[in-house]
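Line by line, the protein sequences are chains R and G. Be aware that the first sequence starts at 1, since it is given in this note's numbering, and climbs by one per residue. Be aware that the second sequence starts at 1, since it is given in this note's numbering, and climbs by one per residue.
Treat the hints with care, since some could be wrong.
To be verified - Listed below are the simulated EDC-like cross-link pairs for lysine to aspartate or glutamate, each with C-alpha atoms no more than 16 Å apart in a straight line:
(1) G/173 with R/22
(2) G/106 with G/141
(3) G/134 with G/96
(4) R/125 with R/64
(5) G/526 with R/88
(6) R/100 with G/420
(7) G/370 with G/386
(8) G/299 with G/354
(9) G/173 with G/194
As the list claims (entries may be wrong) - Estimated spans, in silico, between C-beta atoms of each pair:
(10) G/327 with R/58: 38 to 46 Å
(11) G/134 with R/97: 28 to 36 Å
(12) R/102 with G/364: 38 to 46 Å
(13) G/136 with R/58: 27 to 35 Å
(14) G/291 with R/63: 52 to 60 Å
In short, the hints are calculated from the structure, not lab data. Keep in mind that this is a model prediction, so the values were computed, not measured. Every residue gets a Cβ at the ideal spot worked out from N, C-alpha and C, and that includes glycine.
The lines below spell out each chain.
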Amino acid sequence: MRRLPIYILLDTSGSMRGEPIEAVRTGLRAMLSSLSRDPYALETVHLSIITFDREARILVPLTELEGFSLPNIEPPETSPTNLGEALELLISQYNKEVIKTTPDQKGDWLPFAVIMTDGGPSDTKLFNEMTNELKKCRFAKIVACAAGPQAKIDPLRKITSDVVSLDTMDSNSFAKFWQWVSTAVSNQSQTTDSTHEALPPPPSEINLVF
Amino acid sequence: MTSEYATYRPTPEQTNSDSSVQSQPSSGNTSAQLSATPQSDEPASSDTLKEKGLAIVFNYKVADGEERPDSYFYQQITSRIDAANIPAGSVGVPYEIVIDFTQISKDLHITDSTQNFELGKKGFSVTVSGEVMKIAATPRESIDDVIKFCFRCENGKTKITGKDETPYFEYPKPLLINPHPRDLWQNLPVKDYEGYQNKDYDAQGVSVEYIPAKKGFASATPAKSIEVIAASQRGRSHAHVGKPRDDCFYFDFDKETGWNFVAVADGAGSAKYSRKGAEIACQTVISKLRSALSQEFNKTYINSDLQLLLQWGEEFVAANGKLDGSRENEFLAKTKLGDVFHQSVYAAHVAIVEEAKKRNAEKRDDAKTKDYHTTLLCAAFRYFSELSGWFIVSYWVGDGGAAILRWNKTERVLVLGEPDGGEFAGQTRFLTMPEEINAAPIRKRLRFSFCDSFEAMVLVTDGITDPFFPSEAAVVDEPRWLEFYNDKLKKGCDEEKNGCKELFDEAISPQEKSEALLKWLDFWSKGNHDDRTILVVKNKEL
């Protein structure tokens, strides 16, 4: 069966502690519940969550939507934002998990990635290296979200042209963002041969960055 | 976070100042923004609980002389619930949550205080064995709710409010039971055909009987009868959103000349008029072949064309069943048959280009050839008494599959071409691509096959190859084809629910067989919900 891999990279640095990370979890849970009511997504979507703070971790490896449960996320008190390391882990997971079509096997659909951060990369050197490396991996879409006033937009533009920003880090903004991602994933799961499904128009809480 | 739904929370002071609180698992709630939520004076009765969430009410009893406060028990019990990390389940799949309450207190008793909880109505059973709780079910329906764990201490006195009341707390956890994808698919009528109407399904079957001709080199003697059975069904993904079927099949035969023609095509999902492209491709290629392979052609060219084959010898034909590369090129260069096929495929391409132009001129909706993208698998075949066998010319562009099964009474399979696929799923080639119209790619895709006899010829779109052939290599693999043919197709149509005892039962008319085939096309395969089309040619005289 051809899977639609979705990689979610979540900033879990100290500033996400407390209300923001809970709002993100609530948003993610709503997204899971909404995707599981969509038969296209339920049959094809596989999700992985990678968190990053002082280190990048695989919170959940690529797992099918049926049976996916969202673990607790506990950001440390204070920590840097090692986004570069997270990209490195994403690339390594991509190479390990995403199945390409060869004469002997049928490949996955082009993967989709969502990156959410409320700061900027602390590991600048690695980050710059990894943004170049990432270009070798083919994605249907990479959406980067700069959450809140402290989030740096320019580094995210090195990763993808699809950058959005949230003015505030309240539960409403996060809810709207994940709802929007859910729609984008749903749309992607319905395509049969297109590799560049356009993103749906975002709600007013989400600003497209040009 | 453990405390996101908690209705009853100890204050931070009480949590932190209590020296008896042991170190918590990392998922503990020590970091949460805790606040003492005032409880109503009366503990909630199980009746009121039923109105909120899916409550499970438990009593717990602490050991005599237990000195630790109820905040300790709150923390311990909730962290054990967290540790169970309640997974998402699926309808029809056995589901179990095990929560381990051991080593919280010496002699902790947990008893199920009521059997009338809402989860019970949804088919869940809750059992407590010693200090381990099991919640199990094979869910019958989807659930997107919370389980509310309600714990009441039977023999404690709350130390939080200082009031003389039974310590009680609720701890909700989300519970997600996913529906079966099959129950989510809708079957909606087509919203807008945009001028190209077709049916959501199609099933046709005919028997073709040849009468022995009296004389002539290229006669159809002796009589060889075939049956053509075909079915096509709109995929779930199209039905769910009210889009039309983009697959198509077509067949024809000419009793005068003895030639038979079959085709299947799969319009690209992303191309808005691809159903018309598929239809034009099938019909044009067959009508062009039929008119070109006339009685006149048989008389003028077939003679010399076949002489070439005879010259290469029967042994060659018997061993390979088809021409190898160099022979194929020679045959193409020297015979007229290759030209006829080339022209017919070309004509199909041109007919689609013309249709796009025509639509554009009439409706001014900027229709382009790529809006009609389609694959095409087609074959023309005929029995030649001079060869004592069948001669099959085929063309295949795009995904799907075509093969001749059990030729010359062996377990061999002749695959009639190669699939075209990209590095990632959903990338293929189409007849309608400009680079496919040149002579070289068309001729590269032609195959010439021979056999004394065959049991069946099968043409399918990728709606069939995707679920049954795990890779492109499998689509050209003989054992895979036999497995599909014997175990899936013949047995699949054998099932009583499909209303056809035996697809190859001679007592059943070809039309009835095609309807059984249509029912078979409804098979369930996770993640495979494209349109499905199959065309089977059965050789009636083995």
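Hints, verified against the model:
Straight-line distance between C-alpha atoms of residue 173 of chain G and residue 22 of chain R comes to about 14 Å, which keeps the hinted pair within the 16 Å bound. Distance check on the hinted pair: residue 106 of chain G and residue 141 of chain G sit about 39 Å apart at the alpha-carbon level, beyond 16 Å; violated. Proximity of residue 134 of chain G to residue 96 of chain G is assessed by CA-CA distance (about 7 Å); at most 16 Å being required, the pair is judged to hold. Between residue 125 of chain R and residue 64 of chain R, the direct Cα distance comes to roughly 34 Å. Violation of the 16 Å bound is thereby established for this hinted pair.
Restraint check for residue 526 of chain G and residue 88 of chain R: the C-alpha separation of about 32 Å exceeds 16 Å, so the hint is violated. For a cut-off of 16 Å, the pair hint linking residue 100 of chain R to residue 420 of chain G stands: about 15 Å separates their Cα positions. Restraint check for residue 370 of chain G and residue 386 of chain G: the C-alpha separation of about 44 Å exceeds 16 Å, so the hint is violated. Proposed proximity of residue 299 of chain G and residue 354 of chain G is contradicted: the alpha carbons are some 33 Å apart, above 16 Å.
The suggested pairing of residue 173 of chain G with residue 194 of chain G is violated, with an alpha-carbon distance near 49 Å, which exceeds 16 Å. For the pair residue 327 of chain G and residue 58 of chain R, the beta carbons lie near 55 Å from each other, so the given range of 38 to 46 Å is not met. For the pair residue 134 of chain G and residue 97 of chain R, the beta carbons lie near 33 Å from each other, so the given range of 28 to 36 Å is met. Take residue 102 of chain R and residue 364 of chain G: their Cβ atoms lie about 44 Å apart, and the range 38 to 46 Å holds.
Hint check: residue 136 of chain G to residue 58 of chain R, Cβ distance near 30 Å, so the stated range 27 to 35 Å holds. In this structure the supplied range 52 to 60 Å holds for residue 291 of chain G paired with residue 63 of chain R, their Cβ-Cβ distance being about 57 Å.
Going through the hint list in order, the structure does not satisfy hints 2, 4, 5, 7, 8, 9 and 10.
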